[in-house]
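Asker: All chains should be modelled from the sequences, with the hints used to inform the complete structure.
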Amino acid sequence: MDEGTLTDNNENHVMLSELRTELDEIKEEKSVLERNLTWQIRKLEKDRIILENDKLRLDREVSSLKTELERFRTPPLIIGTISEVLDDNRLVIKSSTGPVFLIKYSDTVSPNKIEVGSRVALNQQTFSIVDILTSEKDPLVSGMEVDEKPDVCYNQIGGLDDQIIETMETVELPLKKPELFDQVGITPPKGVLFYGPPGTGKTLLAKAVAHETNATFIKIVASEFVKKYIGEGSRLVRGVFELAKEKSPAIIFIDEIDAIAAKRLQSSTSGDREVQRTLMQLLAEMDGFEARGDIGIIAATNRPDILDPALLRPGRFDRIIEVPTPNEEGRKAILKIHTKPMSLAEDVTLDDLSSITKEASGADIKAICTEAGMFAIRDEKTEVNMNNFQQAVEKVMKKNKGRELPKEAGVMFG
Numbered sequence: 001m002d003e004g005t006l007t008d009n010n011e012n013h014v015m016l017s018e019l020r021t022e023l024d025e026i027k028e029e030k031s032v033l034e035r036n037l038t039w040q041i042r043k044l045e046k047d048r049i050i051l052e053n054d055k056l057r058l059d060r061e062v063s064s065l066k067t068e069l070e071r072f073r074t075p076p077l078i079i080g081t082i083s084e085v086l087d088d089n090r091l092v093i094k095s096s097t098g099p100v101f102l103i104k105y106s107d108t109v110s111p112n113k114i115e116v117g118s119r120v121a122l123n124q125q126t127f128s129i130v131d132i133l134t135s136e137k138d139p140l141v142s143g144m145e146v147d148e149k150p151d152v153c154y155n156q157i158g159g160l161d162d163q164i165i166e167t168m169e170t171v172e173l174p175l176k177k178p179e180l181f182d183q184v185g186i187t188p189p190k191g192v193l194f195y196g197p198p199g200t201g202k203t204l205l206a207k208a209v210a211h212e213t214n215a216t217f218i219k220i221v222a223s224e225f226v227k228k229y230i231g232e233g234s235r236l237v238r239g240v241f242e243l244a245k246e247k248s249p250a251i252i253f254i255d256e257i258d259a260i261a262a263k264r265l266q267s268s269t270s271g272d273r274e275v276q277r278t279l280m281q282l283l284a285e286m287d288g289f290e291a292r293g294d295i296g297i298i299a300a301t302n303r304p305d306i307l308d309p310a311l312l313r314p315g316r317f318d319r320i321i322e323v324p325t326p327n328e329e330g331r332k333a334i335l336k337i338h339t340k341p342m343s344l345a346e347d348v349t350l351d352d353l354s355s356i357t358k359e360a361s362g363a364d365i366k367a368i369c370t371e372a373g374m375f376a377i378r379d380e381k382t383e384v385n386m387n388n389f390q391q392a393v394e395k396v397m398k399k400n401k402g403r404e405l406p407k408e409a410g411v412m413f414g
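Here the working numbering is used: the first residue of the sequence shown is 1, the next is one more, and so on.
Note that these hints are calculated values from the structure, not bench results.
A hint or two may mislead.
[As the list claims (entries may be wrong)] Calculated cross-link-like contacts (lysine-lysine; reagent style BS3-like; alpha-carbon spacing at most 30 Å):
hint, residue 1, residue 2
1, 398, 336
2, 94, 245
3, 398, 332
4, 227, 263
5, 366, 332
6, 27, 43
7, 227, 149
8, 366, 398
9, 227, 247
10, 219, 366
11, 366, 395
12, 366, 149
[To be verified] Each pair of labels, with its calculated beta carbon distance range:
hint, residue 1, residue 2, range
13, 64, 340, 54 to 64 Å
14, 379, 328, 23 to 33 Å
15, 45, 74, 39 to 49 Å
16, 176, 101, 48 to 58 Å
17, 52, 83, 54 to 64 Å
18, 306, 143, 24 to 34 Å
19, 245, 81, 14 to 24 Å
20, 145, 106, 35 to 45 Å
21, 176, 148, 15 to 25 Å
22, 340, 394, 19 to 29 Å
23, 117, 315, 23 to 33 Å
24, 161, 263, 31 to 41 Å
25, 272, 198, 21 to 31 Å
Glycine included, each C-beta is placed from N, C-alpha and C at the ideal position.
Answerer: What follows is the structure in structure tokens.
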């Protein structure tokens with residue numbers, strides 16, 4: 001083989017090697033491009049999904065805004081009250097603007113919801129019934145319902161064992177076990193009045209009843225029934241009992257009932273006469289022409305001597321329970337409850353504390369325990385000794401000196 005042929009072969013071999021190298025480089029570039037394209041495709045796919053989700057969200061927002069805009073464009077409705085139900089789907093309705101209309105209602109309106117006194121919404125143009133509304137509620141009355149149960153139990157009340165038993169028999173038993181009264185053949189009592197000096201535990205008993213029962217508990221201070229304009233107090237009383245009937249079984253607690261239940265006198269001012277009208281409405285609701293249903297009533301007062309006799313008769317208050325100033329055993333029971341969480345020195349005994357707290361009410365004893373703890377803190381001590389209690393008794397009872405109720409109360413029974 002001559003030299004020319006060898007040279008050509010070498011050149012071909014070099015060219016082939018270069019081509020192979022270029023081919024490898026092209027393949028590598030192709031692989032890199034494929035990876036980049038794959039990554040970009042995935043990124044674009046993710047962006048597409050995100051944009052589609054954003055579009056769906058924006059479409060929903062637009063639809064919601066359009067609906068809200070249409071609602072704003074809807075003209076307001078007229079509120080009316082059904083005065084009379086006639087035949088052939090006709091109603092007599094008195095509108096809130098004054099005029100009285102005779103209209104027909106469509107078959108889409110349920111006849112079961114149509115009754116005299118019901119509130120309805122009327123179209124401004126045709127005066128047709130758009131909706132049947134719920135009965136009107138006074139926000140003051142709705143706010144009287146106790147949503148959260150008090151954390152007071154019967155075992156946290158000392159010295160009132162007999163009063164607790166009578167309260168349970170009068171208020172709780174008719175709600176929890178009404179069949180017992182059916183078996184015996186008697187009408188269960190539904191009203192109890194607590195009377196006694198301030199601070200003896202009248203309101204505390206009512207809180208315990210609210211804690212122990214599953215009934216709706218409505219609390220009101222009687223002075224809230226006293227209103228400026230004629231008829232407002234009576235309307236509020238009706239609203240309270242309507243709320244109780246709607247959410248029966250229910251218990252109504254009227255605190256300081258003497259604010260509206262004082263004896264009615266011949267000579268009185270216009271304000272007194274309005275209070276008397278409110279009292280008469282209360283008497284009618286408690287035991288009037290219509291049955292009260294599963295509604296128990298608890299009232300409290302520290303002035304039983306001024307209450308109207310009509311309020312005290314059976315049927316309104318079936319039991320009138322005295323909540324007196326505790327005796328020695330009662331004071332021991334109350335002291336045991338209030339001193340249980342306290343760090344007491346060895347010289348403190350319940351017998352000694354009971355002997356130095358004569359004529360103290362339950363509220364006084366609680367204040368004495370608190371003041372004794374404050375005296376111990378003032379002396380930089382971690383335990384409360386007998387001297388602290390003596391100082392507390394002197395301080396608390398000095399404030400209450402001369403605070404007494406008349407010995408003779410009104411006519412009581414039970």
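Asker: Please work out if residue 227 and residue 247 have their alpha carbons no farther apart than 30 Å.
Answerer: 25 Å, holds
Asker: Residue 27 and residue 43 were given as a pair; does the straight-line alpha-carbon distance stay at or below 30 Å?
Answerer: 24 Å, holds
Asker: Could one say that the CB atoms of residue 379 and residue 328 fall in the range 23 to 33 Å?
Answerer: At roughly 29 Å between Cβ atoms, residue 328 and residue 379 fall inside 23 to 33 Å, so the hint holds.
Asker: With respect to the beta-carbon atoms only, verify the hint that residue 145 and residue 106 lie 35 to 45 Å apart.
Answerer: Holds, since residue 145 and residue 106 (Cβ atoms, about 36 Å apart) stay within the stated range.
Asker: Quick check: does the Cβ-Cβ distance between residue 64 and residue 340 fall within 54 to 64 Å?
Answerer: Distance hint for residue 64, residue 340 holds at roughly 58 Å.
Asker: Within 23 to 33 Å or not, the Cβ separation of residue 117 and residue 315?
Answerer: Distance hint for residue 117, residue 315 holds at roughly 28 Å.
Asker: Tell me if the straight-line CA distance from residue 366 to residue 398 falls inside 30 Å.
Answerer: 15 Å, holds
Asker: Quick check: does the Cβ-Cβ distance between residue 45 and residue 74 fall within 39 to 49 Å?
Answerer: Check passed, 44 Å falls within 39 to 49 Å.
Asker: Determine whether the Cβ-Cβ distance between residue 52 and residue 83 falls within the hinted range of 54 to 64 Å.
Answerer: 57 Å, holds
Asker: Quick one: are residue 340 and residue 394 within 19 to 29 Å, going by C-beta?
Answerer: 24 Å, holds
Asker: Assuming the hint says 21 to 31 Å, is it satisfied by the Cβ distance from residue 272 to residue 198 or not?
Answerer: 25 Å, holds
Asker: Sort out whether residue 366 lies within 30 Å of residue 219, counting only the CA atoms.
Answerer: OK: residue 219 and residue 366 at ~24 Å, within 30 Å.
Going through the hint list in order, the structure satisfies each hint without exception.
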